[in-house]
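Protein sequences, first through last, are from chains A and B. For the first sequence, the positions run 1 to 374 when my numbering is used. For the second sequence, the positions run 1 to 374 when my numbering is used.
Check before you lean on any hint, since a few could be wrong.
Identical chains blur together in the list; that is why a pair holds if it fits in one copy or across any two.
[Said to hold, decoys possible] In the BS3-like style, the derived pairs of lysine-lysine whose C-alpha atoms are separated by at most 25 Å in a straight line are:
| # | residue 1 | residue 2 |
| --- | --- | --- |
| 1 | Lys-146 | Lys-81 |
| 2 | Lys-42 | Lys-17 |
| 3 | Lys-241 | Lys-159 |
| 4 | Lys-127 | Lys-81 |
| 5 | Lys-338 | Lys-42 |
Bear in mind the hints are in silico, worked out from the structure with no lab data behind them.
This is what each chain is made of:
2 protein chains.
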Amino acid sequence: MIVDPIRSGGVVPESVKRSLLEYLNGYSVCMYCPGDLHKITKPNIKRLIQVDLPEFMGADVVRLVHGAREAFFTVFYALFKEHVLTRGDRAPVIVVDGNTHYSLELAAERSLLKIIETETSGYPLFKVGLEHYEEALESVVEEHGKPPLVTCITYPDGKYGNFPDNIKGIIKLAREHGSYTLINAAYSIGRMPVSLRDLEADFIVGSAHKSMACSGPLGVLGMREEAASLVLKRSVRHPSKEVELLGCTVRGLPAVCLIMVMPYLRRRVKEWERVVDLARYFYERAERELGLMLLGEKPHSHDLLHFETPAFYKISLKLRDRFFLYKELKKRGIIGVKPGITKRIKLSTYLLNREEVDYVLDSLREILELGEGD
Amino acid sequence: MIVDPIRSGGVVPESVKRSLLEYLNGYSVCMYCPGDLHKITKPNIKRLIQVDLPEFMGADVVRLVHGAREAFFTVFYALFKEHVLTRGDRAPVIVVDGNTHYSLELAAERSLLKIIETETSGYPLFKVGLEHYEEALESVVEEHGKPPLVTCITYPDGKYGNFPDNIKGIIKLAREHGSYTLINAAYSIGRMPVSLRDLEADFIVGSAHKSMACSGPLGVLGMREEAASLVLKRSVRHPSKEVELLGCTVRGLPAVCLIMVMPYLRRRVKEWERVVDLARYFYERAERELGLMLLGEKPHSHDLLHFETPAFYKISLKLRDRFFLYKELKKRGIIGVKPGITKRIKLSTYLLNREEVDYVLDSLREILELGEGD
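All chains, please: the whole structure from these sequences, using the hints.
In structure tokens form, the structure reads like this:
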């Protein structure tokens, strides 16, 4: 049973796996290519891109990319060339929340952009809200006399599973400051209903291998019409090709996988309330009965759960074995707590049912008792 | 039977396909990650990168990337930042041969680099040699007073399957002019023995889904030590991560596929002479007996064969069906000639044995007779 947050949302349904065998070869989608990956109708990538995903993500324009980080880079670098190098009307800066993912920061660094991180409410909630963004946005305008190029919002973050407070307010504020807005939805698209249109941002990024039951690497980049026109410029030398995508991106199996899992994804996001209820049931019992302490917002609204676990750390010292927790869980068929980690652990209940959640709780209790017993 | 040049080298062995099923999930390689894809030992990506591929490609340093085009971009953009934006000691120009692949040109365009294409010997051989590069290199130095950033050599190209004349001389000349050198070996690494060290260039790029029997997307970037240090700088904020790779690249199945096919690749490149002999046997008979005319160099040294086929074009006019050739071949189980193409066709004999080559010749003859019969 997988309880690893980065893997729980990327498990491909067994029935799809078998159908994917015939697409394992290199260039398995390119036989009927009219010159652009996104126009292939056999398999129907065109429909995926033009109908299924725009509907699923509430975006005007969608493109397949190699993953969420590659989507961040694609957006940052295209906007950097347009608004920093060419027009000079934006500061070479992005504003990010204090819980942002390192890969987004790498994408900014690769694009020669400076990173301004907002404060958070700090330990133990680590909440981010409008006031944190206001401060960061103001500081950029003050220093550069220009708005930051992009304001990024993690929705939710991968450290605590927190959603920002008042995301629509943050997006509105960023736009009023003259900044583009990008939502990192790597932990939401494919798990829960998400709509770029509802959130009114310019860009939204999903990770298919993280939260869309897909083989990797694969990400989705959703855009509003006007924003898309900046990122999807066509090549001067090869006018049928989009320069920032280098013509074609995911030329193979992961694209087919996403086509095949779309019906499943549409169904599963409707179950999100049940998923959150189960996560709450788990952490409430883990806190009350086992003494684990959940970090991040409460009530929690995501299956990614980050616990402080001083009791496990103590046992690891006593046993002189920092791998004991990993090993004991593995013995019990529970996979996903990083080997060697005992002070704080991240768990996801995404793939579990109520019975399995109880089993994980019982297993953790047994392992705690093991430590006491010695 | 697949005769499509872009797909013939990317067919994954059946035995490997079955073992890949368990790696279809997203992040299937990340369970034991110590913080960097290229350091994962379970599955052993570290060994692939540090031992197997450096040996196989004759490179000091190797990295996995999403494909050949992504490797070109990674190199161009990193060198652009270092040598154009920062040091200003190179012209924002790349020199490429007249047979270069469009994706390399897109990678340059995305990196804000101008493209200077060499001449070729033109129809029907389209050969590129030292004299063509000399002219192009001189023209850049004359115009900019600085060397071009990178000189790129397609080895062989994907239009005609031509190898450049005197590639070592070209690389030496480019280096003497002060330019970095990059070999596009998307059609050679994995099909035939290739060594960056022997060729004495700075970068070499292979395509795993094109020529390394791999599921896609996946490419390999081989570098000489000094060249690698420019491309693989570490992040200031996240020092364990390589910025130009955005931390990790191919986080999933294709990386495992390459590990699994390495023994097969080592064996198959030793068979290259036999592959070339069969391609020659095919085109010699096709020219002599069927009136097809091979474009590109003769004797040919690659399985990628580009024929002029005026007879098929005539039949398509007569039948008022430009898809007839595709359909007739498909009827006979021969897959890979692009639907709608009849004037010039590209074929690869890579996956065929002598008997199958004879069958393809017989089939083409039948189809020609079909046209005459009406």
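Find the hints from earlier in the document that the structure breaks and name them by number, from lowest to highest. Hint 4 is the one this structure does not satisfy, whereas the remaining hints hold.
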